[in-house]
Amino acid sequence: MQNSYYTYRIKIENHQDVKVEKRDLNDRVLENPSGKLRLDKLTDEARELLQLSKNKQLNESRQSKLLGEALFDSLFDDVLCQNFIDFYDLIIRKEQKRIRIELDINEKLMPELAALPWEFMCLPQKANSGSVWLATAPNLAFSRRRTQCKVADPISLQPNEKLRIALVIAEPQGLNPVVYEKVKVELENLASEQAHRVELLPIVRAANPKAVDSILKQKPHIFHFIGHGRLSDENHQNVGQIAFVDEFGGVSWEDANDFSNLFTRNWRGILVLQACESGALSESQPFVGLASRVVQQNVPVVIAMQYEVSNSTASQFSCRFYKELAEGKPVDVAVQESRYAIALSPKRYRTRDFATPVIFMQVADGNLFQWQENTRTLLDIKQPSILQNKSQKKQVSCAHLETLLSLKSWREADKETKQIVLTSRNKINSPGLEIEDVEELDIKLLEMIDSLWMKYSDNKFGISLQHNIWKKIISTPIMYGFIRRLFSKDNEDSTQKDKENVYRFGEQVGWCQINKPDNQKWIPYKKLTFNLDACEGHLPYSRTWCSRKWGHGPKRFARLMSKFESLHQ
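Taking my numbering, the leading residue of the sequence shown gets -14, the next gets one more, and so forth.
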């Protein structure tokens, strides 16, 4: 299955700032917008709704929406909200792709923020963009992430190796019955229908530490626990606990720390905790919940429940999750679809059920498992901007460039433009184009680049603009005597003339200041103006397409400008 997800990564490291990293289909940075954390948006009404949610007293979709809007407004100030809506409109409504939303909150410094039920978030009504619930919308995939944890590499499975699933059940006496039959049947059917790919390991029916360790020795790829969990112990201390079965069939509460230690065998896979409050976090202490502790063991994917959950809802979620996973969906997408399935039930958004499942994921694209014969690749953007360079047989695409320009990411778009041009001549690892490369540049490629820059800059930037400025420069006599003196040591008149014209052009488009000493003539790249306040023709910075070593650089640049003449023919 091909990936069609962009990434919108939200990072909160302190109580003031919200940083965002937007990435494309190939995991390249598009933009880094930022905003201010607005905890004042969590009003008394919102905090009352939070308490109602904890107490399982939400019973109106209006309440869920008010809570979701308050949570959204606390993360997205007005500027960041508009940035997200623009990104949503571009990627989902225009390009018909999808967005992976990753929330990364520093739990160590801000446990009270990490503990909030962010899965309730929805676009506020004032945004006038329709109803979008971030954790259930089918064109989104919402997960939680931790920067300090290592991103997991895909697990490579041999052609004949099966995906091993461990179902572990704990139903101690003295606690409510655990309903697991539906999930068991779903897994048995999956193993039967895909016998060549899936193996259901012997079911553990009375889980205890020894039994868990034994099943982990068989290296399951998915470990699914069904049982009871809780955040607070009998002394009302937040420790995170899971109920095991003791030797007499009674309950043995295992603290999160001890439970997570069972996964110290360097186990890598998907852990599903179908247990109440297994995904809950403490508001006062970091890393005390069950899921949080296991994530610290670098388990790549942990799926858990942040509230008490009914057997029917938990079973509905798990059964749908495995159906989506069997269809080849990334794990976070499978979770998203499963939450959406809960939201489609008769309760809809009237209760907290849809926001109960949480996923902590440390996998780049949600695809943790890869069979050796799998030819899954990232999906290219389908734009009419893929060209084949005939002489070098090098295919180049302007799709990423168009995305960057549409997002007004001028600096990244400029870098991408240079990459496209150099790639078209197989010069990506070279200092720049040679004379023959300039002569052989594909005019259709240049036209495509120019049209995109002109379109998204409202005719402020583009190589055709640069050519017009160049024509005026070379047709105007040199009026500044000191310019000639800068090159008085040159022996070749043509080279001197090219240099003079290049410097005059650079001054015209804001690239250099010719009245400065020699070592300060050219403005450093990082100090160029990457916004629409720049001079006309300021971008793309086509000077760097040619060799950075001046030598015959001016001659190449003059040839490059002459090449642009073809854009008008």
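Since the hints were made in silico from the structure, they are not lab data. Predicted, not measured: the structure shown is a model, and the values here were computed from it. Idealized CB from N, CA, C, for every residue including glycine. Careful, some of the hints might be misleading.
What the hints assert, rightly or not - Derived BS3-like pairs (lysine-lysine); straight-line CA-CA distance at most 27 Å:
(1) Lys506 / Lys540
(2) Lys457 / Lys540
(3) Lys147 / Lys195
(4) Lys332 / Lys39
(5) Lys111 / Lys26
Said to hold, decoys possible - DEER-style ranges, computed between Cβ atoms:
(6) Lys4 / Gln143: 56 to 66 Å
(7) Lys506 / Asn251: 22 to 32 Å
(8) Tyr510 / Ile420: 51 to 61 Å
(9) Ile188 / Ser46: 35 to 45 Å
(10) Glu312 / Asp74: 47 to 57 Å
(11) Glu30 / Asn242: 31 to 41 Å
(12) Lys135 / Asn453: 49 to 59 Å
Do the hints match the structure? See the list:
no. : hint                        : result
1   : Lys506 / Lys540             : holds, 18 Å
2   : Lys457 / Lys540             : holds, 18 Å
3   : Lys147 / Lys195             : holds, 25 Å
4   : Lys332 / Lys39              : holds, 17 Å
5   : Lys111 / Lys26              : holds, 14 Å
6   : Lys4 / Gln143: 56 to 66 Å   : violated, 40 Å
7   : Lys506 / Asn251: 22 to 32 Å : violated, 57 Å
8   : Tyr510 / Ile420: 51 to 61 Å : violated, 24 Å
9   : Ile188 / Ser46: 35 to 45 Å  : holds, 38 Å
10  : Glu312 / Asp74: 47 to 57 Å  : violated, 28 Å
11  : Glu30 / Asn242: 31 to 41 Å  : holds, 37 Å
12  : Lys135 / Asn453: 49 to 59 Å : holds, 52 Å
In summary, the structure is inconsistent with hints 6, 7, 8, 10 from the numbered list given earlier, while agreeing with the others.
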